[in-house]
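Chain residues, written in single-letter form:
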Amino acid sequence: MKSGVLRDRSGALLLVLPVIVFLAVFFLWPLWTMVTAAFVDDAVSKVLPRTASSIVSWDGQGVPSQATRKALVQDLSAASEEQALGEAVRRLNSAASGFRTLLGRTIPAVKAAPDPAQVDLAAVDPRWNDTRFWVALKEAMPPYTDRNILAALDLKRDASGIIVAEAADVSAHRLIMLRTLMVAAMVTVACAVIGFPYAMLAASLTGWKRSVLLLAVVLPLWTSLLVRTAAWFILLQNEGLINRALQAIGLIDSPLPLIFNRLGVVIAMTHVLLPFMVLPIYSVILGIPRNLMSAAQSMGAGPIRAFWRVLLPLSLPGLLSGSLLVFMVAIGYYITPALLGGANDQMISSVIAFYATGTANWGLAGALGLILLVVTTVLYAIYGRFSTSQQVPGA
Amino acid sequence: MFRALQATFGIAVVVFLLMPIFAILPLAFTSSVFLNYPIPAYSMRWMHELTTAEVWRTSILNSLIIGSGATVLATVLGTLASLGMRRGALPMAGLLRTMFLLPMVVPAVVLGVGMQIFLVRLGLASTYLGVIIAHAVLCIPFVIVSVSAALQGIDPTIERAASSLGARPVTVFRRVTLPLAIPGVVSGAIFAFATSLDEVVLTLFVAGPNQRTLARQMFSSIRENISPTVAAAALLLIVGTLCLGGLGALLRWRQGRKTAAAAA
Amino acid sequence: MRPFIQFESVSKAFGSVTVVNALDLAIEKGEFVSLLGPSGSGKTTILMMLAGFERPTQGAIYLDGKRIDHLPPYRRQMGVVFQNYALFPHMTVAENVAFPLEMQRVPRAEIARRVERALDMVKLKPLKDRRPSQLSGGQQQRIALTRALVFEPSVILMDEPLGALDKQLREHMQLEIRELHKRLGLTIVFVTHDQSEALTMSDRIAVFNAGRIEQIDNPQVIYDTPRTRFVAEFIGETNLIEAKIASVDNQVARLSLGAGLSARAHAAGGLSAGQTASFSLRPERIRLGMAPEGSNALDMTITDCIYHGDHMRVQLARDDFSLVARCERLAGHWTVGAPVVASFDPRDCTVLAQ
Chain Z
5 MKSGVLRDRS
15 GALLLVLPVI
25 VFLAVFFLWP
35 LWTMVTAAFV
45 DDAVSKVLPR
55 TASSIVSWDG
65 QGVPSQATRK
75 ALVQDLSAAS
85 EEQALGEAVR
95 RLNSAASGFR
105 TLLGRTIPAV
115 KAAPDPAQVD
125 LAAVDPRWND
135 TRFWVALKEA
145 MPPYTDRNIL
155 AALDLKRDAS
165 GIIVAEAADV
175 SAHRLIMLRT
185 LMVAAMVTVA
195 CAVIGFPYAM
205 LAASLTGWKR
215 SVLLLAVVLP
225 LWTSLLVRTA
235 AWFILLQNEG
245 LINRALQAIG
255 LIDSPLPLIF
265 NRLGVVIAMT
275 HVLLPFMVLP
285 IYSVILGIPR
295 NLMSAAQSMG
305 AGPIRAFWRV
315 LLPLSLPGLL
325 SGSLLVFMVA
335 IGYYITPALL
345 GGANDQMISS
355 VIAFYATGTA
365 NWGLAGALGL
375 ILLVVTTVLY
385 AIYGRFSTSQ
395 QVPGA
Chain B
-7 MFRALQATFG
3 IAVVVFLLMP
13 IFAILPLAFT
23 SSVFLNYPIP
33 AYSMRWMHEL
43 TTAEVWRTSI
53 LNSLIIGSGA
63 TVLATVLGTL
73 ASLGMRRGAL
83 PMAGLLRTMF
93 LLPMVVPAVV
103 LGVGMQIFLV
113 RLGLASTYLG
123 VIIAHAVLCI
133 PFVIVSVSAA
143 LQGIDPTIER
153 AASSLGARPV
163 TVFRRVTLPL
173 AIPGVVSGAI
183 FAFATSLDEV
193 VLTLFVAGPN
203 QRTLARQMFS
213 SIRENISPTV
223 AAAALLLIVG
233 TLCLGGLGAL
243 LRWRQGRKTA
253 AAAA
Chain D
245 MRPFIQFESV
255 SKAFGSVTVV
265 NALDLAIEKG
275 EFVSLLGPSG
285 SGKTTILMML
295 AGFERPTQGA
305 IYLDGKRIDH
315 LPPYRRQMGV
325 VFQNYALFPH
335 MTVAENVAFP
345 LEMQRVPRAE
355 IARRVERALD
365 MVKLKPLKDR
375 RPSQLSGGQQ
385 QRIALTRALV
395 FEPSVILMDE
405 PLGALDKQLR
415 EHMQLEIREL
425 HKRLGLTIVF
435 VTHDQSEALT
445 MSDRIAVFNA
455 GRIEQIDNPQ
465 VIYDTPRTRF
475 VAEFIGETNL
485 IEAKIASVDN
495 QVARLSLGAG
505 LSARAHAAGG
515 LSAGQTASFS
525 LRPERIRLGM
535 APEGSNALDM
545 TITDCIYHGD
555 HMRVQLARDD
565 FSLVARCERL
575 AGHWTVGAPV
585 VASFDPRDCT
595 VLAQ
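Chains Z, B and D, in that order, are what the protein sequence lines are. Here the first sequence is numbered in our numbering, starting from 5 and rising by one per residue. Here the second sequence is numbered in our numbering, starting from -7 and rising by one per residue. Here the third sequence is numbered in our numbering, starting from 245 and rising by one per residue.
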């Protein structure tokens, strides 16, 4: 008996193991890599290990000791990896502008010197007498940093290490996060307002009418997201079908601005996410015994009261899980805002993509990604608790 | 009055849901250079463009290569996992299930950032294998959901019956469990292929110019210089999806016939 | 020489819950034995252990002298008919029936012949190319039975095989299975919770309660002389009488029933005067009349009279002592409130183990 259980268990484990390994390596590990990218800051200390250990004792006044300066020269002459050195330079330059040219002059001089120990930094470039560069060097040494996560929240540390708000014109991450939540909330409300009565209607109908209503929900799900986005592009543009139709019936004189603005994003996202609202509500309503409404009416409740007191409370779980699902998916949306939104409609995903692919600022991309990941995970956990069904509807 | 209101609402939402899909298709055959109505004349020029222009042709080919690779990988891994989780013999089955479904939930951009850094380190960035792996991660949940549902629909006493009638475990699996689970595996694979076909965000992060897929190409085309080729590509995708669905139905039917023939 | 099937102090526990407790059971070749009991009494677990789907926690199971409890189901050669038939939905009727023969590597031509013959026997040959889902419940049941019989297993196990059928069909199938049992000389172990099914079909009935056999005997003995209170109540309807024994004399006990009534009952050994015991008296063994008959005659009053079509149930009482009698519809005209004399044979009043 016992061995039977063990055999079953090890057999099952053997079958599940490949996916566990695959997802651990190619899903969890990349996520972890992204999280560490936000906090790890070892570009400089990796290239300049001796300087790193020596500069710790410097008090930040004037210029570091002779030993520290020697360590730096030694590190620079030993640094051989082009790419790592380049990353270190980029990191230092972002902390103190001018560092790139400073090192651009120093490194060849050090490498060219017959005996690096004899090189006097101040003689190579007088800027080595400037405390500013040494401070930047010292601050770049700790291998971990909260700089990125602070920057993601529009915060920074001032000279004395106290966390302060970033100047409003420098960074607008909070504004974008707020906008992301706003857009997601608008889409969720729109989906709920359309989806709830629609699901009720579908559940109350029978035969081909119900089939048509459900097909209309499922068909878009089966259609490529890009096809749908391109289709909205066609419909919403100034010369698009909607504007033409409105003009033709004389409702408007000049085209309404429907695309490259918030309205276009919300319309298209509502279209894309509506099925995620309708399907959970529909399945919950279908599970409500029909005779409950009859029972309520037999006890003297009119149709509206019966709806209000019986059907609505019972279908609320569907509405709740649908809303959570829509909101959760909406906050991570990238394609639709990128194609149909204007500059002021970009959501957090676009910003992350910008830092990652545009400026190769992995740290900031990672920090913003971490925030989005945490919010999504929390919403998913809540969704898992509330949703009655075990399955997440397929996209 | 109320009924009329209901009908109006229902029709309006159905139109809202379906209009975009039907609006884009005729534009695949426009003769105009604008992706817009009215259509001055019908022409095959954009279909021709789609199948002959280098960027579009390679992107279609890439989509097929990457889609097939990701589908095979995800279907094999996902089916094995579903079989393993079936009997509930595993400890922490709930946690595992959550982990398996998580790729469906994590925002694609977040996964994309992590994947990009990670694949660069492995030397898999901008390779077919890298893109296939990235897509497979997204496809696995769909396979698991689909196959698990099919397995759940199999009455375990049917397998007991086979066993009592003299079938060894391997035979029970081959003759009873697998034929009954095949529809789920097939629809899981179709879901996987459709997911890969439609994937843009991860592809943006991990693919190089050589692995540009059809969806990726459509994305940049809409963004940079929109032309009716996008509508032609959309038509191709929709027809492709329909064919895939038809193929799935056919396979299921054939599979049913085949197991029947083998047993007779 | 061991019996054909033998359970030797078999126990089965799921975790900390013991479902079968030190069971001994012997079944002879050619016997039709029913395992009867309420749900949760362990009868299905016993069947599943015999079929090989569950392993005993303790004890041994023998078939034809060989120990089998370590064998997997596919090596046991037992035909199992499941509650919901468990027909393979992706195979036709003929393929379902051919399956066990294929597993035994019977040559193709012979498979075809035997499937034909088997389907002919249950008159379902015309349906051989249908899928199970296209058959009625009764037809599915017959296919499941055919599939279990076709490979000539040494034992047929049936797990509530008729539970899903409607009453008429169920009674018809009961006769059909009985007829097959006789004709083919099959050994059948039949699990059911329907007592009338067990009474009509079995050579012997084992009545289960909470993982133990309460009584195992032929149907008549089980019905007429239930050994325990559980058996008496589970099978048929009975009057349970708690009585004080006034005296025991020559296997006849005098009972004082309360309300000033007394009666005689057949006393098995072990009863002594002064003791309190439970007795079972089947309602149909009570005769109602205006005058006393035989050695037991109780003066009582009719409190209710319920019409049941083929019989009447008459409630009798005297103070706090009450009885139910079952009598012929035409046996008399009984009015509620009328006095009546209830008579019964002492042999029909059987003592129950505590």
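Just so you know, not all the hints are guaranteed correct.
[What the hints assert, rightly or not] Only some residues are given here: those of chain D computed to face chain B with a beta carbon under 10 Å: (1) A295; (2) G296; (3) F297; (4) R299; (5) G303; (6) G309; (7) I312; (8) P316; (9) F326; (10) A330; (11) L331; (12) A392; (13) D403; (14) G407.
These aren't lab readings, by the way, just hints derived from the structure by calculation. Glycine included, every Cβ here is placed at the ideal spot set by N, Cα and C.
We went through each hint and held it up to the structure:
About 6 Å separates the beta-carbon of A295(D) from the nearest beta-carbon of chain B, less than 10 Å, and the hint is met. The beta carbon of G296(D) is positioned within 10 Å of a beta carbon in chain B (closest approach about 7 Å), and the interface hint is therefore held. For F297(D), the suggested interface contact is upheld, since its CB lies about 6 Å from the closest CB of chain B, less than 10 Å. This hint is violated: R299(D) has a C-beta 14 Å from the nearest C-beta of chain B, more than the 10 Å allowed.
Because the smallest distance between the Cβ of G303(D) and any Cβ of chain B comes to about 21 Å, over 10 Å, the interface hint for this residue is violated. Interface restraint check for G309(D): the shortest CB-CB distance to chain B comes to about 21 Å, outside 10 Å, so the restraint is violated. Against a cut-off of 10 Å between C-beta atoms, the interface hint on I312(D) is violated, since the closest Cβ of chain B lies about 13 Å away. At about 7 Å, the closest approach between the beta carbon of P316(D) and any beta carbon in chain B falls short of 10 Å, and the interface hint on this residue holds.
The beta carbon of F326(D) is positioned within 10 Å of a beta carbon in chain B (closest approach about 5 Å), and the interface hint is therefore held. With a cut of 10 Å, the hint placing A330(D) at the interface with chain B holds, because the nearest CB-to-CB distance is about 4 Å. With its C-beta approaching chain B no nearer than about 8 Å, L331(D) sits inside the 10 Å limit, and its interface hint holds. Interface restraint check: A392(D) against chain B, minimum CB-CB distance 8 Å, threshold 10 Å, status holds.
Because the smallest distance between the Cβ of D403(D) and any Cβ of chain B comes to about 9 Å, under 10 Å, the interface hint for this residue holds. With 10 Å as the threshold, the beta carbon of G407(D) stays out of range of chain B, its nearest partner Cβ sitting at about 13 Å, so the hint is violated.
Checked against the numbered hints given earlier, this structure breaks hints 4, 5, 6, 7 and 14; the rest are met.
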